[in-house]
Amino acid sequence: MKAIPRIMPTLPAADLFNIFRNLSRDIPEEDAQKIVSGFETKFAERYGLPRGVATSRARMALYYLLKNMGLKPNGEVLISAIHVADFINIIALAGFKPVVVDLAHNSYNVDCDDLERKITKNSVLFLMTYLSGYVPDMERIVEISQKYKLPFIEDCSQALDSYYKGQRLGTFGVAAIFSLSLFKSVTTLFGGMLISRNETLLSDIRQDVKSLKPPPKQLLVNEAIKNVVLKIVISNPLFSAVVFPLMRWTLPVADYFSKYQKSNKQVFLRDKIPDEFLVQYTWQQAITGLSQLKTLDKRERKRKENALYLYDNIVSDRNVAVPALVKDSENSFWLFPVIVNSPNEFRAFLAKTAIDSSKFLLSLLCEEKVFSHFKFNSDNARELKQKTVFVPMYSVLSKAQTERIAQAIKKYQAINGSNNDNR
1 MKAIPRIMPT LPAADLFNIF RNLSRDIPEE DAQKIVSGFE TKFAERYGLP RGVATSRARM
61 ALYYLLKNMG LKPNGEVLIS AIHVADFINI IALAGFKPVV VDLAHNSYNV DCDDLERKIT
121 KNSVLFLMTY LSGYVPDMER IVEISQKYKL PFIEDCSQAL DSYYKGQRLG TFGVAAIFSL
181 SLFKSVTTLF GGMLISRNET LLSDIRQDVK SLKPPPKQLL VNEAIKNVVL KIVISNPLFS
241 AVVFPLMRWT LPVADYFSKY QKSNKQVFLR DKIPDEFLVQ YTWQQAITGL SQLKTLDKRE
301 RKRKENALYL YDNIVSDRNV AVPALVKDSE NSFWLFPVIV NSPNEFRAFL AKTAIDSSKF
361 LLSLLCEEKV FSHFKFNSDN ARELKQKTVF VPMYSVLSKA QTERIAQAIK KYQAINGSNN
421 DNR
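Counting in my numbering, the sequence shown runs from 1 upward without gaps.
Simulated from the structure, these hints should not be mistaken for laboratory data.
In this text, a Cβ means the ideal position worked out from N, Cα and C, and glycines have one as well.
Every clue listed holds true.
Keeping only pairs whose Cα atoms sit at most 27 Å apart, straight-line, the calculated DSSO-like set for lysine-lysine is:
| id | residue 1 | residue 2 |
| --- | --- | --- |
| 1 | K294 | K231 |
| 2 | K410 | K359 |
| 3 | K72 | K149 |
| 4 | K34 | K184 |
| 5 | K72 | K210 |
| 6 | K272 | K375 |
| 7 | K2 | K231 |
| 8 | K304 | K411 |
Computed beta-carbon distance windows for the label pairs:
| id | residue 1 | residue 2 | range |
| --- | --- | --- | --- |
| 9 | K298 | S211 | 31 to 39 Å |
| 10 | P12 | P237 | 18 to 26 Å |
| 11 | K34 | R301 | 26 to 34 Å |
| 12 | P274 | K231 | 21 to 29 Å |
| 13 | N377 | A241 | 45 to 53 Å |
Please take these sequences and the hints and turn them into a complete structure.
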């Protein structure tokens, strides 16, 4: 039986080949700018918005927004409890105080009641993050934003094709940011994108980015090599015959695959923006992004089909549950989380049926010791992170593989004597 990997690299072999080829040559600066501009335009067109701004990282897109929105200095920026930890550094280095908002119980959406409790006279912005492509109650979010005159930015890194009542996520707030890093729906090795209706804001940020230098090519080469390594490692028959058995054997000790996969391996308390972040987005990355956009709709549609089949075939009970979907939402299911009372036992069971799985790679911000002075607290998010297991979900997952995953989960529930509850 072939093992089903937990992930699948987004970049096809042709795009990887073109990356290496393009990194070996130089083009006139004017041509390079046109390519990047073309990608920024095509990306923003999906949202019916003016040309976006490509940045070195998604967190830098947030940084430029914080520096250019005219927010009250030293104000509070509210952020979801589970996130890339370095976003806390970005908020602080931009001159603001981070405040963590908890998630709703057994949900990937923000707890709107906690959001209202955390808003004070010093609050200046809320960063609304859509975890795993799940759509929150946007009417409530917008209502809170208007009630307290608190603008919000949308982090759509995991929700490129999610909708609420037919409106695409990324068009509700003042601006939206996206990660273009490894395994994202649009990946360009690394990078970020920023979109907004506010053309003055975009123009100001564009000037900030324009003054930066290109990154060393070696950074791009290293990330391209990582993509190649992962592509080889999870390809069958190598994955089934060698890699997965090794992963299963070492699973009780550590998840070494996740450690290699994770881009942010350590959390630091920074005193400045790293030099490798203060660089331009390159034309080589933009060419890759343009290629990714051509196939994006097809890939997103297929992953949604797979995810909805799996979602409809899992009946939540006291041991295993899937997060409830918000009415009138269309979720992109960038990842497929299952909330399990005994996550290690569940992962071991899946492994016996040759199904790989993983836990959260994002940080629970209240548990990061370097940020303890902020006194974050988020009990719901803590429990959610402990109980979450991500099962395979991607566009090239076959119907047979999706059915295998569904049957394995049902078998686990049957063995554990679960009584089905209403979802």
